[in-house]
Amino acid sequence: MEYFLQQLINGLTLGAIYGLIAIGYTMVYGIIGMINFAHGEIYMLGAFISLIAYLAATTIGGGGVAVGLMVALLATMLFTALWGWAVERVAYRPLRGAPRLAPLISAIGMSIVLQNFAQLSQGARVKPLPPVFRGGFTLLEGETFSVHLSYLQIVIVALTVTLMAVFTFVIARTALGRAQRATEQDMKMAALLGVDVDKTISTTFVMGAALAAVAGFMVTLYYGVIDFYIGFLAGIKAFTAAVLGGIGSLPGAMLGGLLIGLIEAFWSGYFSIEYKDVAAFSILVLVLLFRPTGLLGRPEVEKI
Amino acid sequence: MAAAGSRMDLRRALADALVGGFVAAALAFPMLGFRLEDSSTGLSLGLRMGWVAAAAAVVFAGRLALTLLAGTRRPRSGPLERLGERFAGTRHWAGWAMIGLAAVLPFLPFADRNLVDKATMVLIYVMLGWGLNIVVGLAGLLDLGFVAFYAVGAYSYAILSETFGLSFWVCLPLAGLFAAGFGLALGFPVLRLRGDYLAIVTLGFGEIIRVILQNWVDVTNGPNGISGIDRPTLFGLSFSAMAPEGQPTFADFFGIDYSAEHRVTFLYFIILAMALLTNLFTLRIRRLPVGRAWEALREDEIACRSLGLNPTTVKLSAFATGAMFAGFAGSFFATRQGFISPESFTFIESAVILAIVVLGGMGSQIGVVLAALLLVGLPEWFRELQQYRMLAFGGAMVLIMLWRPSGLLASRSPTISLGAAK
Amino acid sequence: MTAPLLDVEHLTMRFGGLFAVNDLSFSAARGAITAVIGPNGAGKTTLFNCITGFYKPQVGRLTLRHPSRGEMLLERLPDHRITSRAGVARTFQNIRLFPRMSVLENLIVAQHTVLMRASGYSLAGLLGLARYRDAEAAAVDKARHWLDKVELTRHADDEAGSLPYGSQRRLEIARAMCTDPVLLCLDEPAAGLNPRESAELNTLLTGIRDEHGIGLLLIEHDMSVVMGISDHVVVLDYGRKIAEGTPAQVRADPAVIRAYLGEEEDEPLPPEVAQDLKGSGHA
Numbered sequence: 007m008e009y010f011l012q013q014l015i016n017g018l019t020l021g022a023i024y025g026l027i028a029i030g031y032t033m034v035y036g037i038i039g040m041i042n043f044a045h046g047e048i049y050m051l052g053a054f055i056s057l058i059a060y061l062a063a064t065t066i067g068g069g070g071v072a073v074g075l076m077v078a079l080l081a082t083m084l085f086t087a088l089w090g091w092a093v094e095r096v097a098y099r100p101l102r103g104a105p106r107l108a109p110l111i112s113a114i115g116m117s118i119v120l121q122n123f124a125q126l127s128q129g130a131r132v133k134p135l136p137p138v139f140r141g142g143f144t145l146l147e148g149e150t151f152s153v154h155l156s157y158l159q160i161v162i163v164a165l166t167v168t169l170m171a172v173f174t175f176v177i178a179r180t181a182l183g184r185a186q187r188a189t190e191q192d193m194k195m196a197a198l199l200g201v202d203v204d205k206t207i208s209t210t211f212v213m214g215a216a217l218a219a220v221a222g223f224m225v226t227l228y229y230g231v232i233d234f235y236i237g238f239l240a241g242i243k244a245f246t247a248a249v250l251g252g253i254g255s256l257p258g259a260m261l262g263g264l265l266i267g268l269i270e271a272f273w274s275g276y277f278s279i280e281y282k283d284v285a286a287f288s289i290l291v292l293v294l295l296f297r298p299t300g301l302l303g304r305p306e307v308e309k310i
Numbered sequence: 009m010a011a012a013g014s015r016m017d018l019r020r021a022l023a024d025a026l027v028g029g030f031v032a033a034a035l036a037f038p039m040l041g042f043r044l045e046d047s048s049t050g051l052s053l054g055l056r057m058g059w060v061a062a063a064a065a066v067v068f069a070g071r072l073a074l075t076l077l078a079g080t081r082r083p084r085s086g087p088l089e090r091l092g093e094r095f096a097g098t099r100h101w102a103g104w105a106m107i108g109l110a111a112v113l114p115f116l117p118f119a120d121r122n123l124v125d126k127a128t129m130v131l132i133y134v135m136l137g138w139g140l141n142i143v144v145g146l147a148g149l150l151d152l153g154f155v156a157f158y159a160v161g162a163y164s165y166a167i168l169s170e171t172f173g174l175s176f177w178v179c180l181p182l183a184g185l186f187a188a189g190f191g192l193a194l195g196f197p198v199l200r201l202r203g204d205y206l207a208i209v210t211l212g213f214g215e216i217i218r219v220i221l222q223n224w225v226d227v228t229n230g231p232n233g234i235s236g237i238d239r240p241t242l243f244g245l246s247f248s249a250m251a252p253e254g255q256p257t258f259a260d261f262f263g264i265d266y267s268a269e270h271r272v273t274f275l276y277f278i279i280l281a282m283a284l285l286t287n288l289f290t291l292r293i294r295r296l297p298v299g300r301a302w303e304a305l306r307e308d309e310i311a312c313r314s315l316g317l318n319p320t321t322v323k324l325s326a327f328a329t330g331a332m333f334a335g336f337a338g339s340f341f342a343t344r345q346g347f348i349s350p351e352s353f354t355f356i357e358s359a360v361i362l363a364i365v366v367l368g369g370m371g372s373q374i375g376v377v378l379a380a381l382l383l384v385g386l387p388e389w390f391r392e393l394q395q396y397r398m399l400a401f402g403g404a405m406v407l408i409m410l411w412r413p414s415g416l417l418a419s420r421s422p423t424i425s426l427g428a429a430k
Numbered sequence: 002m003t004a005p006l007l008d009v010e011h012l013t014m015r016f017g018g019l020f021a022v023n024d025l026s027f028s029a030a031r032g033a034i035t036a037v038i039g040p041n042g043a044g045k046t047t048l049f050n051c052i053t054g055f056y057k058p059q060v061g062r063l064t065l066r067h068p069s070r071g072e073m074l075l076e077r078l079p080d081h082r083i084t085s086r087a088g089v090a091r092t093f094q095n096i097r098l099f100p101r102m103s104v105l106e107n108l109i110v111a112q113h114t115v116l117m118r119a120s121g122y123s124l125a126g127l128l129g130l131a132r133y134r135d136a137e138a139a140a141v142d143k144a145r146h147w148l149d150k151v152e153l154t155r156h157a158d159d160e161a162g163s164l165p166y167g168s169q170r171r172l173e174i175a176r177a178m179c180t181d182p183v184l185l186c187l188d189e190p191a192a193g194l195n196p197r198e199s200a201e202l203n204t205l206l207t208g209i210r211d212e213h214g215i216g217l218l219l220i221e222h223d224m225s226v227v228m229g230i231s232d233h234v235v236v237l238d239y240g241r242k243i244a245e246g247t248p249a250q251v252r253a254d255p256a257v258i259r260a261y262l263g264e265e266e267d268e269p270l271p272p273e274v275a276q277d278l279k280g281s282g283h284a
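As they're listed, the protein sequences go chains A, B and C.
For the first sequence, the working numbering begins at 7 and goes up steadily by one.
For the second sequence, the working numbering begins at 9 and goes up steadily by one.
For the third sequence, the working numbering begins at 2 and goes up steadily by one.
The shape of chain A in the complex, shown without the other chains (with noise of 0.2 Å):
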């Protein structure tokens, strides 16, 4: 019992982290139809850049750990969110209306430069970061064992959650959510109706890096090791999470990422830890073959 109730706080921190890194695809998909390859390298600089602002800000500033922390976080989004945007501008956009598969390909050609830029310029090395944000609850204390909540994981799903209520507001209430859905709807109309097409798709673009840069900042902090790799697999994973929730809806995208988080941590806890990748994809392929278009995706009528 106690041993599950870990595997769920676990599993829940980080389908957090998936969830949030799967709202980029999410809505990129959505809004232009293609999968932003490059996005896991997205959030693995927004990782570095958080690094980096830390120990610059803890180093500089002089100033506690807080008030590091919440320097480091403005300056990682806001840096990676520039990044999000210049691969749109710079890889994708001179792509709209090329073949299906040309930003698809530019964007896996893309996720390559940035890895192989990050080993580049900061080394091959994992690079660790001493714990930051100690302590935490003990919840069960067991015979054996003792269930373990952290502040850090509060924070990172109190975060999360604040993000997505935000995100969930911007898009269904604001002016820009009404341009981003117009868009994804039918993007020609919506240029003719005098919506900012590539303005929109550029937004689109640098919230989900901003995301991204959230999650990558978490994860700084919680696994405390990061190296210029960590961007490919939890891309996949992510991805695999935005089409298990159905892609295109953000709800969808929160609950694949907790679902993929969850299979991965109790896999990995009561089976193996080796085959936890192999578990979130045979769920994937079994949700697709059930519910084509994922959880909470809009069943599509095929048009004839």
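In case anyone wonders, no lab produced these hints; they're calculated from the structure.
Treat the numbers as computed from the prediction; the structure is a model and nothing was measured.
Among the hints, erroneous ones may be present.
As the list claims (entries may be wrong) - Ranges of calculated distance between the beta carbons of each label pair, as one might list FRET restraints:
id, chain 1, residue 1, chain 2, residue 2, range
1, A, T168, B, G70, 36 to 42 Å
2, B, S235, A, A171, 52 to 58 Å
3, A, R106, C, Y239, 36 to 42 Å
4, A, R187, B, P181, 40 to 46 Å
5, B, A73, A, S208, 45 to 51 Å
6, B, Q345, A, F296, 39 to 45 Å
7, A, A178, C, Y239, 31 to 37 Å
8, A, F296, B, S235, 54 to 60 Å
9, C, D142, B, I264, 54 to 60 Å
10, B, M106, A, A171, 56 to 62 Å
11, A, A197, B, A119, 52 to 58 Å
12, A, R106, B, F261, 52 to 58 Å
13, A, A130, B, G70, 55 to 61 Å
Said to hold, decoys possible - No farther apart than 20 Å at their CA atoms in a straight line, the calculated lysine to aspartate or glutamate pairs in the DMTMM-like style are these:
id, chain 1, residue 1, chain 2, residue 2
14, A, K282, B, E388
15, C, K143, C, D211
16, A, K205, B, D24
17, C, K57, B, D24
18, A, K133, A, D233
19, C, K150, C, E76
20, B, K126, B, E388
21, A, K133, B, D46
22, C, K150, C, E198
23, C, K57, C, D8
24, A, K133, B, E45
25, A, K205, A, D192
26, C, K143, C, E212
27, C, K150, C, D181
28, A, K194, A, D204
Here a beta-carbon is modelled for each residue, glycine too, at the ideal position from N, C-alpha and C.
Following the hints, put chains B and C in place on chain A, whose structure we already have.
Structure of chains B and C alone, referenced to chain A:
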């Protein structure tokens, strides 16, 4: 008037380049401006703001040059474009020229062992590209996990030859069949999914296969891989320096001195033959009902259904056929390397093969060769610049796609015509 | 009179709470053109999608009597079997050709089932056996026949997507005919055609009916096509059948006029509609 216009242009170009430079500086600031340094006391930061300035300067200059150049000529009809079009017209001739060159390559005066080795590597990718071309280029199914079938082929051969002592020539067809079987087994549940869903599931499948190879130690020897894989023989003639008891070696049989180059050349011709067979197969099958059904499926699945084509069968046949060729290529890879491990079958391989197909111009056979030369051949040459190789590789993928979104050679010739049908 | 080619009985198709087709029954005969007309959203295309297997109806039975293969229940066959086995071919409201394949290739793909068998599921074809070569030559002959019919022989080797609109429509009909159907379903074949093309279409369709003796099922808005060539007309409104009969009977039916022109019967007909209704009687 023209002078005033060009001055305006220049000013605009300068402003544009300046913005680009600033953005580059901002992008570079965290990642290039600081350096994470490990030390005994933990992580610390080093400064190197010069790099930021350099990045900004490079982007400024590049952007400026690009805008000014773009102003002087129309981007769509550059000399390279025209070359491409002219080349497309003489494709038949070019194909034969390439085959001829490939056939004599090992005997050319400048061809050393190194070159033949690299050509072999390129040919493996050409064959893989041709295999994937069936799936992506003809049938329009986006497969991001093609490397899985390549891995199945390689491991099938390695395990069969190790466990049962079967020779390469016996294992080759078996490996192809195994890979095709995997293609069917995977395809059956997932081919109902539409485009991008299929992509993610195949990507996942590729990863699953790799994870299994890594962890199923009893069979695959895990991360350590399988070494000492048997080399192919020429009708029983071995290419090693010393043959096992009683068997003649190639050198003995022909009464020539042993040279390691013989084997390299022999392997080169094997893969050349295999690749050409793949090509021949594709050219033939395009003119058969299955091949036309693949292309029709790519064009419009609903129309296919309305004409009595069973989309599942059509997709499965494309998927399995592509997988079979990947399996062949995989077992060749195993026998060439003599050693395989899960390392060789990562997602990046799938990405490279897909890039070869798309960059080549989907469905174009010669395009695949060109793209393979460009993406695999060129980087092989720059091995010295090891660390920048992948960076340049990724960059090239983006640039070529921006330059020619529908691939290097994108035109398609009909598989049958009224004039030729008589 | 022999049993009809197609019997539609109590067909019902719902999307959510909306009845696109509601308890619809009618028949289509061999050697005759049956037209299904009705205002936009009356359920005509849904009906077609049910007959050709793209939708599976919740209620109802679709019986097709194939002259040589016997009776089949279409709602139980997957869509591709409806074409390859039951011999029902169709065209689409938004033309669905294989745009980057040549015109001839489009017609050859339509003969896939026959050619596939002849190629020994590709093996004989790969080996280049004569059996396959003969079958392919026959397929080309059939394609040539239909190309002549729809006057596209000149364009046989062009990309289908490069043809003008009217030619694409004709090509789609030719392609459907290459599957050797016993029932040809045409979804608004005259949409977007100019009057001359529309008249040519009439000739083509009556020609198919008279020469091949197959049944044609036609959805159409263009009254001159419907009234001019149909042998039997079924009128739908809100998924229900509101009238059925010969063109003349249907034209006189007050329910039909109401459905097309709204409830206020005292309002004069718009001139072009009145002319259409009148003029088409003589077409």
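Each hint tested on the structure:
Evaluation of the 36 to 42 Å hint for T168/A and G70/B yields a pass: the beta carbon distance comes to about 41 Å. A hinted range of 52 to 58 Å for the beta carbons of S235/B and A171/A is consistent with their spacing of about 55 Å. In this structure, R106/A and Y239/C meet the distance hint of 36 to 42 Å, their C-beta atoms being roughly 38 Å apart. Separation of R187/A from P181/B is about 54 Å and departs from the stated range, judged on CB atoms against 40 to 46 Å.
Between A73/B and S208/A the C-beta distance comes to about 25 Å, which lies outside the given range of 45 to 51 Å. Here the CB-CB span from Q345/B to F296/A is close to 41 Å, well matched to the stated 39 to 45 Å. The supplied range of 31 to 37 Å is met by A178/A and Y239/C, whose beta-carbon atoms lie about 34 Å from each other. Under the hint 54 to 60 Å, the C-beta atoms of F296/A and S235/B, about 43 Å apart, miss the expected range.
A hinted range of 54 to 60 Å for the beta carbons of D142/C and I264/B is consistent with their spacing of about 58 Å. The hint said 56 to 62 Å for the Cβ distance between M106/B and A171/A, and at roughly 60 Å that hint holds. Taking the beta carbon of each, A197/A and A119/B are about 56 Å apart, inside 52 to 58 Å as hinted. With their beta carbons about 54 Å apart, R106/A and F261/B fall inside the hinted range of 52 to 58 Å.
Remark: the range hint 55 to 61 Å for A130/A to G70/B is contradicted by a beta-carbon distance near 27 Å. For the given pair, K282/A sits about 35 Å from E388/B by alpha-carbon distance, which is inconsistent with the 20 Å threshold. Straight-line distance between C-alpha atoms of K143/C and D211/C comes to about 18 Å, which keeps the hinted pair within the 20 Å bound. Note on K205/A and D24/B: the hinted pairing holds, with a Cα-Cα distance of about 17 Å set against a maximum of 20 Å.
Between the alpha carbons of K57/C and D24/B the distance comes to roughly 57 Å, so the proposed pair goes past 20 Å and is violated. A threshold of 20 Å between alpha carbons decides the hint, and for K133/A with D233/A the separation of about 6 Å falls inside it, so the pair holds. With a C-alpha separation of about 32 Å, the suggested pair K150/C and E76/C falls outside the 20 Å cut-off, and the hint is violated. Restraint check: the Cα-Cα separation between K126/B and E388/B comes to about 7 Å, which is no more than 20 Å; the hinted pair holds.
A threshold of 20 Å between alpha carbons decides the hint, and for K133/A with D46/B the separation of about 8 Å falls inside it, so the pair holds. For the given pair, K150/C sits about 14 Å from E198/C by alpha-carbon distance, which is consistent with the 20 Å threshold. Simply put, K57/C and D8/C have alpha-carbon atoms about 16 Å apart, close enough for the 20 Å limit, and the pair holds. Simply put, K133/A and E45/B have alpha-carbon atoms about 9 Å apart, close enough for the 20 Å limit, and the pair holds.
Restraint check for K205/A and D192/A: the C-alpha separation of about 15 Å stays at or below 20 Å, so the hint holds. For a cut-off of 20 Å, the pair hint linking K143/C to E212/C stands: about 15 Å separates their Cα positions. Proposed proximity of K150/C and D181/C is supported: the alpha carbons are some 15 Å apart, at most 20 Å. Pair hint K194/A plus D204/A holds up; C-alpha atoms about 11 Å apart against a cutoff of 20 Å.
Of the hints listed earlier, those the structure fails to meet are numbers 4, 5, 8, 13, 14, 17 and 19, in rising order.
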